[in-house]
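Those sequence lines, one after another, are chains L and E.
Just so we're aligned: 313 in the numbering used here is position 313 of the first sequence, and the numbers increase by one with no gaps anywhere.
Just so we're on the same page, the numbering used here is the position in the second sequence counted from 1, plus 362.
Heads up, some of the hints might be wrong.
No more than 27 angstroms apart at the CA atoms, straight line, and that leaves these computed lysine-lysine pairs for DSS-like [what the hints assert, rightly or not]:
hint: 1; chain 1: L; residue 1: LYS329; chain 2: E; residue 2: LYS681
hint: 2; chain 1: L; residue 1: LYS334; chain 2: E; residue 2: LYS440
hint: 3; chain 1: L; residue 1: LYS78; chain 2: E; residue 2: LYS702
hint: 4; chain 1: E; residue 1: LYS429; chain 2: E; residue 2: LYS440
hint: 5; chain 1: E; residue 1: LYS652; chain 2: L; residue 2: LYS340
hint: 6; chain 1: L; residue 1: LYS319; chain 2: E; residue 2: LYS470
hint: 7; chain 1: L; residue 1: LYS67; chain 2: L; residue 2: LYS78
hint: 8; chain 1: E; residue 1: LYS702; chain 2: L; residue 2: LYS286
hint: 9; chain 1: E; residue 1: LYS648; chain 2: E; residue 2: LYS637
hint: 10; chain 1: L; residue 1: LYS290; chain 2: E; residue 2: LYS702
hint: 11; chain 1: L; residue 1: LYS319; chain 2: E; residue 2: LYS655
hint: 12; chain 1: L; residue 1: LYS286; chain 2: L; residue 2: LYS275
hint: 13; chain 1: L; residue 1: LYS290; chain 2: L; residue 2: LYS108
hint: 14; chain 1: L; residue 1: LYS340; chain 2: L; residue 2: LYS108
hint: 15; chain 1: L; residue 1: LYS319; chain 2: E; residue 2: LYS702
hint: 16; chain 1: L; residue 1: LYS343; chain 2: E; residue 2: LYS440
hint: 17; chain 1: L; residue 1: LYS78; chain 2: E; residue 2: LYS475
hint: 18; chain 1: E; residue 1: LYS702; chain 2: L; residue 2: LYS293
hint: 19; chain 1: E; residue 1: LYS440; chain 2: L; residue 2: LYS340
hint: 20; chain 1: L; residue 1: LYS275; chain 2: L; residue 2: LYS108
hint: 21; chain 1: E; residue 1: LYS681; chain 2: L; residue 2: LYS340
hint: 22; chain 1: E; residue 1: LYS702; chain 2: E; residue 2: LYS470
hint: 23; chain 1: L; residue 1: LYS343; chain 2: E; residue 2: LYS655
hint: 24; chain 1: E; residue 1: LYS475; chain 2: E; residue 2: LYS681
hint: 25; chain 1: L; residue 1: LYS340; chain 2: E; residue 2: LYS648
hint: 26; chain 1: E; residue 1: LYS637; chain 2: E; residue 2: LYS652
hint: 27; chain 1: E; residue 1: LYS652; chain 2: E; residue 2: LYS429
hint: 28; chain 1: E; residue 1: LYS705; chain 2: E; residue 2: LYS691
hint: 29; chain 1: L; residue 1: LYS275; chain 2: L; residue 2: LYS290
hint: 30; chain 1: L; residue 1: LYS275; chain 2: L; residue 2: LYS113
hint: 31; chain 1: L; residue 1: LYS343; chain 2: E; residue 2: LYS652
Keep in mind that the hints were calculated from the coordinates and are not lab data.
Protein chains: 2
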Amino acid sequence: MKNTHLPSALHVMEGVEQPDSVSPYLKTKKIARKPHLSADEYLQGILAGNRVILSQAITLIESVNPKHHELAQQVIEKALPYSGNSLRVGITGVPGVGKSTFIEALGKQLTTKGHHLAVLAIDPSSERSKGSILGDKTRMEDLAVDPNAFIRPSPSGLTLGGVARKTRETIILCEAAGFDVIFVETVGVGQSETVVKTMVDFFLLLMLAGAGDELQGIKRGIMEMADALIITKADGDNIIAAQHARSLYLSALRLFPQMESGWSVPVNVCSSVTKLGVDQVWEIIKEYEKSTKENQYFYHQRTEQLIRIFYDWIDHTLKENFYHHPVVKEHIEKLIPEIKSGKITPYQAGGLVLQIYQSSNL
Amino acid sequence: MKNTHLPSALHVMEGVEQPDSVSPYLKTKKIARKPHLSADEYLQGILAGNRVILSQAITLIESVNPKHHELAQQVIEKALPYSGNSLRVGITGVPGVGKSTFIEALGKQLTTKGHHLAVLAIDPSSERSKGSILGDKTRMEDLAVDPNAFIRPSPSGLTLGGVARKTRETIILCEAAGFDVIFVETVGVGQSETVVKTMVDFFLLLMLAGAGDELQGIKRGIMEMADALIITKADGDNIIAAQHARSLYLSALRLFPQMESGWSVPVNVCSSVTKLGVDQVWEIIKEYEKSTKENQYFYHQRTEQLIRIFYDWIDHTLKENFYHHPVVKEHIEKLIPEIKSGKITPYQAGGLVLQIYQSSNL
């Protein structure tokens, strides 16, 4: 494998060709595919709960091929009126906290109760290896074969913004397909939590007993976003440590400002092995739903998330239109060698391309 | 403090007013300031090594007030020809690895040798508290008062992309001010490493002995980007564990693909307390510089980074022009209530604004 050594995630927009920065990986993704269904065929399949068609529609949404964008957009628009009827739960925690086993334990309880659960992941993949830390879903052995569960790993090869947009759209499709609980999991160490927070109703932070905040790499900002803290692995010799951690975090949370939702953040312990406390996590989430629907915050948050989608769509489309413009493509190709040879600064070159783009729209 | 509960980092572009998503924090940043110097006065001050003017120029670059952008851009353009004459070193590692003490130990050795060192930080601050994990520079007590060192925390209130752009520009100013070594530190847990990698010559990963990869929250992708791995805290009882970790990582690295730079990634141990191995880290960096200048990779990487700046500048300016357009502002204000009330989908509303923007440019 060739090591390009310069991560290109920031500037490789999915489906936006930038002559000098498209990684070989993205290019290989543009393989020939089977002819697509029509938008209505996708919609009918999704509404009928057909998982093969749901998966194909998600793949269409994730496609980096610009030719697929219009169809994908149509499918999303058509599915939108059928979406919204789920509880969307973000789940985060550092690697090692036992996220997969927790999701499996809670997920199995939900599907046993008759819920339909979709598990999505947000994990911008590593630039060089393109490997996704959450890509390996084989650990969720029971859920993976559960007819009431649908597991979809993070789309690969995209920027965080790209992954976020695709995941928002995937939520719409999953809801239209009848999933009434959506888990969006992410690794609790960076910006992806902020992004997940913008697309879920409830945000769950899993913590380990014993390890200090520092060791866990959990930022204060992530703790502040959580609607509940759950100390995992509260079994065997670890129960006392977990209870101790619970007291500590409860005290710490008292120092945090009141949440706009009016919700008091609970701290619980749980074990995915003995199932201790797993049921209670769901009770907490349902209690939150009830309380925030009563005080309208639930709807307020969803509305704000629509505004987020609005800005996000504009930002993306603005760039897409620009980089697909033939005059822009042509000039970028000409200017890049001049930037490289130092004949022009990147700022001057950028100004030039923008100027040309604007006047070509006259 | 009011908890807005919806992180707005993704869509609050610095200096770009989006009627419904500008956080109160950003608004308070637009305080009245003293009259600014001219671009030439800034440049002269920077070239003379005047730290007060350098700091003011960086503050100008970081300003979210659109009125400051043109002047900031002029200062950067003017400083650009005087930049480039430094070794740019990225330093990362999870919280707890001892980054600050390491930077202090290595930094003091460099300034003692007569180097001029600038330490910058990349750490997108938490949305709710606006606190920066790296903001507390009081730990670098010696460097903070060292006349040959300049420490600048991460700009706050910006997105990762915003922080990255400002830091690239700050590097230019620091180099023009005569700093010949630039450290860019970041917390080794997320996307910010990918960003730092795009602006430095050498990327150093600090690791703890004993803790597994999982516990350290270090992703494979970050390890793959490193030009050297340094096991910290190799003192006292920890020396043997550090040596053991060194062997482990050396074996692990053998499985990684060859780097495009042709460089073999060394793994060393070091102690910021006993200073064991601190000198060698600098020798490694100098050896890397020599080797990659010989095979031209050093220059190749810098050139590629210019292309990155080019795309980054375009992406940012495209959005800025759009959101500052009076017709756009007006229509966004009108459409947001309609999105909220469900009269129009965010996608339809986005399409409408883009259409209006394009036709208003006719």
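| Does the alpha-carbon distance linking E:LYS637 and E:LYS652 stay inside the 27 angstroms limit? | holds, 24 angstroms
Margin query: Check the hint pairing L:LYS290 with L:LYS108 against an upper bound of 27 angstroms on the C-alpha distance.
Written below: holds, 23 angstroms
L:LYS275 paired with L:LYS108 [C-alpha distance capped at 27 angstroms] = holds, 11 angstroms
Holds or violated: are the alpha carbons of L:LYS319 and E:LYS655 at most 27 angstroms from each other? Given pair L:LYS319, E:LYS655 is violated - Cα atoms ~36 angstroms apart, limit 27 angstroms.
Agreement of E:LYS702 and L:LYS293 with the hint, judged by alpha carbon distance not exceeding 27 angstroms | holds, 16 angstroms
Within 27 angstroms, alpha carbon to alpha carbon, are L:LYS329 and E:LYS681? Status holds; Cα separation ~18 angstroms.
Proposed proximity, L:LYS340 with E:LYS681 (alpha carbon, max 27 angstroms):
Holds, because 25 angstroms separates the two Cα atoms, which is no more than 27 angstroms.
inquiry  = Tell me if the straight-line CA distance from E:LYS652 to E:LYS429 falls inside 27 angstroms.
reply    = Judged against 27 angstroms, a Cα distance of about 43 angstroms means the pair is violated.
| message | Can you confirm whether the C-alpha distance between E:LYS440 and L:LYS340 stays at or below 27 angstroms? | response | Since the Cα atoms of E:LYS440 and L:LYS340 sit roughly 19 angstroms apart, the hinted pair holds (cutoff 27 angstroms).
- Could you grab the alpha-carbon distance between L:LYS319 and E:LYS470 and see if it respects the 27 angstroms cut-off? violated, 45 angstroms
Hint consistency between E:LYS705 and E:LYS691 [alpha-carbon to alpha-carbon, up to 27 angstroms]
Roughly 19 angstroms separates the two Cα atoms, so the pair holds.
- Item | Proposed proximity, E:LYS681 with E:LYS475 (alpha carbon, max 27 angstroms) | violated, 45 angstroms
Consistency with the previously given hints fails for numbers 6, 11, 14, 17, 22, 24 and 27, ordered from lowest to highest.
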